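J.: Protein chains in written order, with my numbering: chain A, 502 to 873; chain B, 502 to 873; chain C, 2 to 406; chain D, 2 to 406.
What the hints contain is simulated information worked out from the structure, not anything from laboratory work. One or more hints might be untrue.
As the list claims (entries may be wrong) - Taking lysine-lysine pairs in the DSS-like style, the calculated list, with each CA pair at most 25 Å apart, reads:
hint	chain 1	residue 1	chain 2	residue 2
1	D	K271	C	K271
2	C	K106	C	K192
3	C	K393	D	K393
All figures in this text were calculated on a predicted structure; none of them were measured in a lab.
Single-letter residue listing:
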Amino acid sequence: MNFEFSEEQNLLRDQARGFLLDNCSTRVVRDVLEGDASYDAALWKKVAEMGWTATVIPEEYGGLGLSYLELVVIAEELGRAMAPIPFSSSVYLASEAVLAWGSEEQKLAWLPRLAAGEVIGTLAVSEGQGQASATSLNATVSGGALSGTKLPVIDGDIADLVIVAVKSDGGDGASLYLVDLTQDCIERTPVRTLDPSRSQARLDFNGANAELLGIEGRGWSQVQNLYDRAAVLFAWEQVGGSDAALEMAKDYAMGRFAFGRAIASYQAIKHKLAAMYVKNTLARSNCYYGAWALETNAPDLPLAAATARVAGIQAYYFASKENIQTHGGMGYTWEFDCHFHYRRAKLLSLNIGSEGTWQDKLVTALEHNNAA
Amino acid sequence: MNFEFSEEQNLLRDQARGFLLDNCSTRVVRDVLEGDASYDAALWKKVAEMGWTATVIPEEYGGLGLSYLELVVIAEELGRAMAPIPFSSSVYLASEAVLAWGSEEQKLAWLPRLAAGEVIGTLAVSEGQGQASATSLNATVSGGALSGTKLPVIDGDIADLVIVAVKSDGGDGASLYLVDLTQDCIERTPVRTLDPSRSQARLDFNGANAELLGIEGRGWSQVQNLYDRAAVLFAWEQVGGSDAALEMAKDYAMGRFAFGRAIASYQAIKHKLAAMYVKNTLARSNCYYGAWALETNAPDLPLAAATARVAGIQAYYFASKENIQTHGGMGYTWEFDCHFHYRRAKLLSLNIGSEGTWQDKLVTALEHNNAA
Amino acid sequence: MDFNDTPQEAAFRAEAQAFLKDYYPTAEDFKGLNPIEQAQLWAKRKFDNGWSTLRWPKDYGGRDASPIEQVIFNQEEGKVSDLGDPFQIGQGMAGPTLMAWCKNKDYLERYLPKLSSGEEIWCQLFSEPAGGSDLAAMRTKAERDGDDWIINGQKIWTSGAHYSDFGILVTRSDPTVPKHKGLTYFFLDMKTPGIEIKPIKQISGTSNFNEVYFTDVRIPDSQRLGDVGQGWSVALTTLMNERAAIGGGGVSVGVKSVMQLAQKVNIDDKPAIEDKQVRAKLADWYVQEAGLKFTSYRTLTALSRGSTPGPENSIGKLVGAPKTQDMASFAMDLMEESGAIWDDELSELAGLFQGTFLAIPGLRIAGGTDEIMANIIAERVLGLPQEPRMDKGIPFNEVPTSAKG
Amino acid sequence: MDFNDTPQEAAFRAEAQAFLKDYYPTAEDFKGLNPIEQAQLWAKRKFDNGWSTLRWPKDYGGRDASPIEQVIFNQEEGKVSDLGDPFQIGQGMAGPTLMAWCKNKDYLERYLPKLSSGEEIWCQLFSEPAGGSDLAAMRTKAERDGDDWIINGQKIWTSGAHYSDFGILVTRSDPTVPKHKGLTYFFLDMKTPGIEIKPIKQISGTSNFNEVYFTDVRIPDSQRLGDVGQGWSVALTTLMNERAAIGGGGVSVGVKSVMQLAQKVNIDDKPAIEDKQVRAKLADWYVQEAGLKFTSYRTLTALSRGSTPGPENSIGKLVGAPKTQDMASFAMDLMEESGAIWDDELSELAGLFQGTFLAIPGLRIAGGTDEIMANIIAERVLGLPQEPRMDKGIPFNEVPTSAKG
């Protein structure tokens with residue numbers, strides 16, 4: 502029984518934390534949040550140089566060939582630092598999709614560049630308000646030309662490569678296509694969002710060249726599998742963020758006095774912080790199992806992923822909103838950093854599907870496990 | 502605008518509270534809870550003598566012809582005292598059903614005796630575990646003879662009259678029948694329940710004489726309407742109980758010291774009691790509207806009833822469990838009275854349908870109101 | 002129990018409706034005016050016709066009206082007007098404080114009618130950065146200098162400071178006595194030299210509040226309200242006049258808007274409104290929403306019988322703010338990935354849910370945090386004991402603070 | 002990260018399995034014995050074969066095993082045995098306290114092996130009616146009388162008092178010094194004259210605990226552990242050995258049982274498991290259940306690396322107890338009107354949900370209330386400051402109490 506990271510992995514965590522303390526202070530987040538840039542290109546370059554974008558990509562495709570346990574360590578730290586870079590899109594979604602279903606040719610074409618961070622990838626499923634499903638898709642591919650609108654696409658304005666879910670007449674109703682975003686017939690419109698430290702866009706495809714990724718008519722199951730894998734990684738980002746929010750709240754409460762004593766000595770605050778700790782701990786422990794299931798490709802990955810995801814969403818929403826509350830008036834100012842977590846928590850809970858969607862998936866996985 | 506009880510109604514409340522303080526102490530509840538009796542017959546007799554069982558029954562049928570505002574005042578006090586008598590069954594369910602759909606003959610036959618408390622009535626819908634629906638009913642009437650099993654029937658072991666929901670081939674799938682319980686072909690078996698201060702039974706009907714109540718094939722709508730009306734009255738009992746539980750918790754917390762000060766001075770306890778107060782207040786205010794809707798037979802009675810019901814369930818469950826918690830170890834002893842509320846809260850939340858069932862009804866009513 | 006007005010109430014309501022119908026400014030009247038000017042135009046008309054500051058004495062521009070009449074007028078006014086209310090602090094809090102504590106009748110005649118007519122706007126300078134929930138822990142210094150006082154320090158969360166003409170101010174005139182005993186209360190001209198106003202940007206991106214810095218600001222002693230050291234008693238008068246949160250208004254994320262959305266978006270390829278989890282949440286929120294509404298009706302009834310609303314009104318904000326936060330968050334969940342889009346055109350109801358999501362954390366804090374509201378209910382409604390006070394009876398400058406702690 | 006045993010752990014597990022297979026009593030062996038006797042039969046076999054009190058020294062009947070070996074044995078034993086554990090207090094708490102504080106080697110040799118073999122059962126006499134969460138506020142008096150002490154007072158929540166041979170007892174030997182300083186710790190024979198034991202009936206109807214009254218009970222000074230006035234330090238040794246709630250067990254209302262029920266009963270004429278509200282609740286509970294399980298795995302890993310479980314283990318009870326309460330309550334809701342029936346035959350799973358509903362309020366209180374658990378996490382895990390202590394440094398008999406307050 503060993504339910505802990507290895508010494509090397511812990512070393513990587515320390516290294517990553519130190520690097521991000523130096524290179525991704527909240528000032529860096531603030532600059533992207535307030536400025537015109539869609540992401541911090543300098544940070545992205547450094548992160549790629551550190552090899553983080555290459556973590557799990559096999560060496561034959563220019564990657565480091567490390568395990569997902571290394572990747573979740575990095576995810577946690579990126580979440581903690583709220584890094585304003587397209588890491589989740591490019592690494593958890595695009596790279597994973599190409600790794601899983603790319604032909605040898607597609608892998609050779611894209612993985613080395615994704616691993617090197619030269620290319621930013623993303624995934625486009627949603628076509629507007631509400632829950633997407635195979636039957637709700639309107640985008641289509643006909644004769645290798647993709648048409649339709651995807652909204653929102655995270656990092657859609659800066660990505661070079663997008664994996665697009667389109668309607669299919671057979672199978673599960675959808676197929677995945679790989680599209681080079683440098684084509685003229687693709688219109689990209691940035692959209693204003695709740696968390697401007699991560700950019701989103703509307704993509705209009707007007708007969709863009711598209712290559713099938715994987716099997717025609719299996720796109721919806723591919724998306725679900727991709728989401729399961731990404732859910733674990735997103736959850737680690739959420740756990741990182743939750744812990745950072747708890748630490749902020751704790752530090753403030755220890756230093757802030759009211760009625761002659763630290764507000765951290767009032768049970769209303771103590772129990773609030775204890776509740777954060779409890780949610781964070783449950784989320785973290787569920788993430789451990791998720792990481793193991795992801796790394797070993799365990800049969801109950803869907804359950805492990807949904808559990809980590811729901812726990813991560815709940816922990817980060819709670820910690821981020823109650824961190825503001827603990828800060829009182831100051832927490833509600835633009836000047837303090839509390840709102841970064843509040844925005845990011847909400848964004849991460851909407852990417853790849855909401856709490857309700859994942860609660861339902863969790864029980865479906867439980868039913869499946871019980872039946873098996 | 503006058504959203505308050507009249508002076509006379511407030512007087513009635515004082516009177517009722519005083520009467521119950523004298524005649525329905527927790528000792529009285531305990532005796533029924535611990536003993537063999539199904540209810541406190543002496544208290545029932547006195548309550549009937551006070552005319553409470555006759556409150557809204559018109560004078561021509563031996564009642565007092567008062568309004569539902571008087572009845573909710575009594576309901577609140579009975580709930581507060583956790584009176585171990587078949588008041589809800591006989592008054593909110595049986596009397597209301599006969600009043601609403603009885604033929605003149607049926608009214609004359611039953612209402613005067615119900616009003617006088619000489620006869621105890623009840624309603625039998627459930628046929629076992631889970632949510633009953635028109636299609637789930639197995640009891641039937643053929644040629645005026647009723648057969649089938651009802652389980653549980655509140656006060657089924659002591660009632661003289663029961664309104665039974667049976668399967669119908671037409672209409673909404675159900676019909677209501679009125680059955681005299683003194684017939685030999687009805688077997689009654691008391692069942693052990695969570696709250697022995699209110700008795701429940703299994704009733705087996707083997708061709709019992711039964712009279713149609715209302716219209717054949719309209720039974721399910723009748724049950725729903727009856728439940729809506731009863732929900733307001735049940736909710737007032739719940740509010741009475743919630744307030745009593747809050748008062749118990751408060752009194753104990755003021756007198757119990759830990760670490761040199763009253764536990765009522767700790768925020769963990771203060772905020773717990775404040776949360777009870779909040780839930781109780783919301784429930785009470787919703788009950789006010791429910792009472793008004795019941796009395797005026799307002800078109801949005803279904804919404805008002807569901808709102809009061811859900812609020813009442815939530816307030817009493819919370820207050821009763823956190824009252825035990827506030828008492829600490831003593832609250833968990835048989836000797837203290839805390840558990841009476843905990844049992845009664847659960848019982849009241851299961852009679853006439855659970856929280857989930859009523860949440861759904863509430864939204865259905867909202868949809869209906871919005872569409873209208 | 003009766004939802005209808007009494008005959009007197011009905012008559013007053015009809016009168017109010019008639020006035021509003023005849024006098025409420027048209028779009029044409031408002032043309033070219035900024036929101037403050039629009040509010041002033043309307044205030045002037047009310048004043049000129051005897052419909053401003055209804056509960057004030059007629060002498061100062063009021064109508065000597067009853068609390069319930071004020072409520073009825075507010076209800077009717079709310080039906081025709083969606084103007085902001087820059088006079089709330091002046092008319093609702095500063096005016097009553099002046100009437101209670103100012104012994105100089107000239108001042109009352111000078112200031113109150115212009116407050117009532119909207120000609121002059123007042124702000125409230127109470128909160129300080131180090132104070133927060135500990136309202137009386139003010140540090141802004143007042144030192145006597147002849148017939149004047151010299152003020153140095155900083156106030157925060159002052160809404161409308163930049164467009165206000167006057168302000169009410171609580172200062173610490175003696176830091177060597179216990180907290181509540183060393184305060185002194187003034188009113189002052191906001192154009193006095195030495196006052197600097199900086200807007201505070203909130204997380205929602207807007208700026209409704211200011212920081213106000215005082216550097217050697219002189220206030221004549223004649224503008225002191227109450228005795229030296231009696232500032233906390235005067236401040237309590239102001240705070241007790243904080244408008245009881247009856248009816249509410251403002252934020253409009255509610256069961257209705259979330260239901261609308263749930264009818265529009267799908268879950269499992271069916272309208273979300275058919276999803277039982279969505280329904281259960283809507284039911285719970287409706288229970289709270291309706292419960293608060295009917296609680297306010299009960300307060301109105303009590304008002305109409307002459308009683309004053311008590312601390313039990315804290316329940317409105319305590320329940321309403323976290324509920325609205327969760328509703329906004331849930332509504333965004335219903336939109337799934339699009340929930341993060343915050344755009345007038347692309348977002349449902351022009352971004353109402355997203356805007357509310359960012360605005361609502363402020364409501365859980367302003368005017369008393371959730372935690373303070375729960376304390377108020379526990380202590381003032383239920384009568385539970387206060388917690389041990391570490392600052393009781395201790396000179397203010399010896400109380401542990403974050404700075405010294 | 003690896004879920005499998007290390008080779009050493011696997012070897013130990015195999016050894017334990019082999020022992021359990023060969024030595025665990027058969028139904029025939031247990032025949033005619035009451036639960037205590039059954040437990041004693043099994044304890045004796047473990048003792049005789051070197052598998053009892055694994056972490057104790059071999060000299061006293063132990064095996065000098067590591068914490069993780071203890072855990073592995075518990076896991077394997079749990080698979081074959083559902084016996085009660087009347088030795089938990091004696092072996093888990095009294096024994097380690099004796100080893101740490103008893104200087105008389107004869108006593109150790111007299112008591113420990115019989116504790117290990119299950120021949121003698123011990124109970125813990127700490128809690129008092131006026132104490133509750135304020136654990137150290139004991140009032141039971143100990144007065145010196147020659148070589149003896151005379152004990153008067155009352156203890157409560159003593160489990161197993163009626164079948165115990167010995168007890169560990171904390172008394173107040175000096176009420177004139179502050180709370181933690183006036184305590185003295187003893188062990189005693191439960192057959193000593195002057196001890197009266199009364200069972201406490203719980204709301205679930207069962208009696209797992211007792212009140213124990215002391216009237217002029219004599220204890221020889223030689224049975225004192227630690228110095229006079231050092232009782233709190235000794236008590237801390239006992240309390241630190243309270244078994245970390247690893248794995249849990251006992252109550253079996255969980256996601257699995259509620260799911261089973263939801264597959265059986267209908268909502269809207271469809272299986273309740275299809276209802277999205279039911280699913281959302283199950284998901285949330287599963288997140289907690291799995292989160293606790295995996296947290297305990299992390300603790301096990303730490304144990305296997307030699308660290309001792311810390312206060313973060315409070316999370317198990319803090320999360321688990323309220324969750325189980327709500328699950329039991331919700332399961333009853335799913336049964337609708339039948340939910341109130343509490344009957345072996347008529348109720349789902351023989352009344353498991355109803356029984357749990359009545360038993361669980363005790364779990365939210367025993368061994369530290371929810372509120373105390375949250376305090377422990379706040380103070381000992383997060384390092385937040387204690388609240389002001391009104392009893393600090395004050396003679397115990399001058400501290401405000403309910404009696405005097």
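J.: Give a verdict on every hint.
T.: We went through each hint and held it up to the structure:
In summary, the hint linking K271 (chain D) to K271 (chain C) is supported, as the alpha carbons are separated by about 17 Å, within the 25 Å threshold. Restraint check for K106 (chain C) and K192 (chain C): satisfied, since their Cα atoms lie roughly 23 Å apart, inside the 25 Å limit. Distance restraint check for K393 (chain C) and K393 (chain D): the Cα-Cα separation of roughly 18 Å lies within the 25 Å cut-off, and the hinted pair is therefore satisfied.
Every hint from the earlier list agrees with this structure, and none is contradicted.
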